[in-house]
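Asks: Turn these sequences into a full structure, and let the hints steer you where they fit.
These protein sequence lines are chains A and B, in that order.
Position one of the first sequence corresponds to residue 6 (our numbering), numbered consecutively onward.
Position one of the second sequence corresponds to residue 9 (our numbering), numbered consecutively onward.
Simulated from the structure, these hints should not be mistaken for lab results.
Keep in mind that the hints are not guaranteed to be accurate.
Once the Cα atoms are required to be at most 27 Å apart in a straight line, the calculated DSSO-like pairs of lysine-lysine come out as [stated by the list, open to error]: (1) Lys233(A) - Lys199(A); (2) Lys189(A) - Lys55(B); (3) Lys207(A) - Lys225(A); (4) Lys260(A) - Lys55(B); (5) Lys325(B) - Lys39(A); (6) Lys10(A) - Lys284(A); (7) Lys11(A) - Lys280(A).
Reference listing, derived: stretches of chain B covered by chain A, where coverage requires no fewer than 3 residues with Cβ under 8 Å from a Cβ of chain A [what the hints assert, rightly or not]: (8) 16-29; (9) 37-51; (10) 60-66; (11) 313-326.
Glycine included, every Cβ here is placed at the ideal spot set by N, Cα and C.
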Amino acid sequence: MADFKKADLLDMYYDMVLIRRFEERCAQLYQEGKIGGFLHLYIGQEATGVGAVRAIRKEDHIFTAYRDHGIAIARGLDINALMAEMLGKVTGVSKGKGGSMHLASREHNFWGGYAIVGGHLPLAAGVALRARYMEEDFGVLCLMGDGATNIGYFHESLDLSAVWDLPVVWLVENNQYGMGTAVKRASGVEEIVKKAQAYGMKEGPRCDGMDVIATYEAVKEAMEYARKNGPVLMEALTYRFVGHSMGDPERYRTKDEVRQYSEEDPIGKFGAYIKSKKKGTDAELAELDQKAAEAIEAAVQFAEESPDPTFESLFEDVYVD
Amino acid sequence: MRNITLIDAVREAMDEELARDQRVFITGEDVGRRGGVFRATMGLYEKYGPDRIVDSPLAELSIVAIGIGAAMAGLRPICEIQFADFIHPAMNQIMNEAAKMYYRSNGAWPVPMTIRAPYGGGISGGLYHSQSVEALFAHIPGLKVVIPSTPYDAKGLLKSAVRDPNPVLFFEPKKGYRAIKGDIPDDDYTVPIGPVNVTKVGTDLTVYAYGMMAYYTLQAAQIVEQQDGISVEVVDVRTLLPVDRTGILTSFKKTGKALIVYEDNLTMGYGAEIAAILASDGFEYMDGPIRRLAGPDVPGVPYSHPVQEAFMPSPQKIADAIRDLAAY
Ligand SMILES: Cc1ncc(C[n+]2csc(CCOP(=O)(O)OP(=O)(O)O)c2C)c(N)n1
Ligand SMILES: [Mg+2]
Chain A
6 MADFKKADLL DMYYDMVLIR RFEERCAQLY QEGKIGGFLH LYIGQEATGV
56 GAVRAIRKED HIFTAYRDHG IAIARGLDIN ALMAEMLGKV TGVSKGKGGS
106 MHLASREHNF WGGYAIVGGH LPLAAGVALR ARYMEEDFGV LCLMGDGATN
156 IGYFHESLDL SAVWDLPVVW LVENNQYGMG TAVKRASGVE EIVKKAQAYG
206 MKEGPRCDGM DVIATYEAVK EAMEYARKNG PVLMEALTYR FVGHSMGDPE
256 RYRTKDEVRQ YSEEDPIGKF GAYIKSKKKG TDAELAELDQ KAAEAIEAAV
306 QFAEESPDPT FESLFEDVYV D
Chain B
9 MRNITLIDAV REAMDEELAR DQRVFITGED VGRRGGVFRA TMGLYEKYGP
59 DRIVDSPLAE LSIVAIGIGA AMAGLRPICE IQFADFIHPA MNQIMNEAAK
109 MYYRSNGAWP VPMTIRAPYG GGISGGLYHS QSVEALFAHI PGLKVVIPST
159 PYDAKGLLKS AVRDPNPVLF FEPKKGYRAI KGDIPDDDYT VPIGPVNVTK
209 VGTDLTVYAY GMMAYYTLQA AQIVEQQDGI SVEVVDVRTL LPVDRTGILT
259 SFKKTGKALI VYEDNLTMGY GAEIAAILAS DGFEYMDGPI RRLAGPDVPG
309 VPYSHPVQEA FMPSPQKIAD AIRDLAAY
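Replies: Quick look at the structure:
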């Protein structure tokens, strides 16, 4: 196991808490009608996002699906600009045009969230092609849900990435459901990594996505392999504690099941781990909790005070002049 | 007579067709136990079971294409696409297989299927949950394209779609799912696919619209009638393909002025076809410019509320456009 410094562990902890607070606050803002449309929260999956994103380098690239807040935060996008985007403000990362599902930042090599399920997979392969074409040393981390592995894009992208040895880590965040459909009701194999065999691609691990360290190590190894040799398909086994999106009646799973998983809260578990390794005290963790809560409140205030996009912005950026 | 919402009408139509015809089945993502994203299929799984209300994997191309094959083999699929924005992976199958099958088989292989999809903006869905896609499909002979604006039409037209021996694209105005209510009779009825419908009689000018915009247009017509004394005739173009040329012309011959309203992008939108019909076959009745009020030519409906509102035609904007045209 990698030897984490105290500061690294506390940083990861902070990111996870920051994501949790961000999501909880978004849920509230949605109830208040300040966030509209469709809101997909990352609560429960924080360890996967933080572990995976921290495991790759700045020069590596990231694609993800619409459940993207946690990935954006872990990648270090400005929390104020993220919250402003949620509220559709001009100071948002996408100037209010995209909203929750399309957070992105080129300077972070974060190509963003994609709302058409699976649509981003071939794009990720295309970005990875540049690394081979220009002989540059970077890889692409492409996250997707379990449901996304059943659409045709998945097949074509994985096959092509294997044929061309593209440096991609295909990371399936397997939270066991695609909307209301359990994995086994939609996929011929329940162990999604087995799909790698069909493409002659390296079959990566099914790591514990509720464990930030385990995810970190698995993704780190996969990315090193991918950069040198070619694509890897791997899974992080995780669970979302809340509905698919706001207002999901969740008729497809039992309250008991949700309760059981929620007891294994990745943040609580990681906090306990930090303390057991004597890398942090209750007081230090509480201080980080407090700091995260304050950062989120400041972000909400920033977002609320920010101006709306102008009418003219509707017509901007249609063509490159 | 009962007063129900548009989405309830959609559900009732499917319920009755499932009961009437054993060949009818529904497939799509989470149409079963979950009852659909908008709950259009709520309760049908419990009533008809997993063999007839079939949850599919996340795979639009196959949802549609398996429907095409099943229809060729004599079943009557209703395929649900959760949002019209997600129909594009299935475009090849619709355009190249469904639309051409009867033609290429010289009339041997009809494709009696229905593809349902909620469309349209105004719900803060942003770029990928707000699209209007009707013009893409209305361009393809061999398909039928239907968009209801009332619960009565939603139910009657959907039942017709299911019984129709051709592939029917049935687009539902999602913003109106629960906002639009109306009376429907208690007994079995259908509304024919084909003819447009005059939903309000008037004399000064004609407004053509469908779906959510037909609903808004009725509101706008009331505003200008009360405030400005303008008498508006409203034509609900509830079937877009095949085109009801005669029905479209009839009203224009009377009023001589036309405004066409749609929320899809202006250029190459469905209103261009209506304008062309009026210009070519209604020339001698023309009493003013043929005007269109539509979504702007930008690639998507932005998320941010004020910009979304700037994109969308509204009763107020329609009323303004009517006043403008009436004053011509
Ligand atoms: C092409 C397409 N089809 C359907 C949808 C609607 N939809 C959004 S998310 C989702 C489920 C995806 O599940 P999964 O990939 O497991 O991701 P998760 O939501 O669990 O993170 C569906 C069906 C969509 N956005 N795009
Ligand atoms: Mg999932």
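Asks: Are the hints correct? Go through all of them and say.
Replies: Quick rundown of the hints versus the structure:
1. Restraint check for lysine 233(A) and lysine 199(A): the C-alpha separation of about 22 Å stays at or below 27 Å, so the hint holds.
2. A hinted pair counts as satisfied when its Cα atoms are at most 27 Å apart, and lysine 189(A) with lysine 55(B) qualifies at roughly 23 Å.
3. Taken as a hint, the lysine 207(A) and lysine 225(A) pair is honoured in the structure, with Cα atoms around 15 Å apart against an allowance of 27 Å.
4. For the suggested pair lysine 260(A) and lysine 55(B), the alpha carbons sit about 24 Å apart, so the restraint of at most 27 Å is met.
5. Pair hint lysine 325(B) plus lysine 39(A) holds up; C-alpha atoms about 25 Å apart against a cutoff of 27 Å.
6. Proximity of lysine 10(A) to lysine 284(A) is assessed by CA-CA distance (about 8 Å); at most 27 Å being required, the pair is judged to hold.
7. A threshold of 27 Å between alpha carbons decides the hint, and for lysine 11(A) with lysine 280(A) the separation of about 11 Å falls inside it, so the pair holds.
8. Counting residues of the region 16-29 of chain B whose C-beta lies closer than 8 Å to any C-beta of chain A gives 0; at least three are required, and the coverage claim is violated.
9. Residue count for the region 37-51 of chain B with a Cβ under 8 Å from a Cβ of chain A: 6. That meets the three needed, and the coverage hint holds.
10. With a threshold of 8 Å between beta carbons, the proposed coverage of the region 60-66 of chain B by chain A holds, since 4 of its residues qualify and at least three are required.
11. Coverage of a stretch by a chain is defined here by at least three residues with a beta carbon nearer than 8 Å to that chain's beta carbons; for the region 313-326 of chain B and chain A the count is 5, and the condition holds.
Violation of the numbered hints given earlier is confined to hint 8; every other hint is satisfied by the structure.
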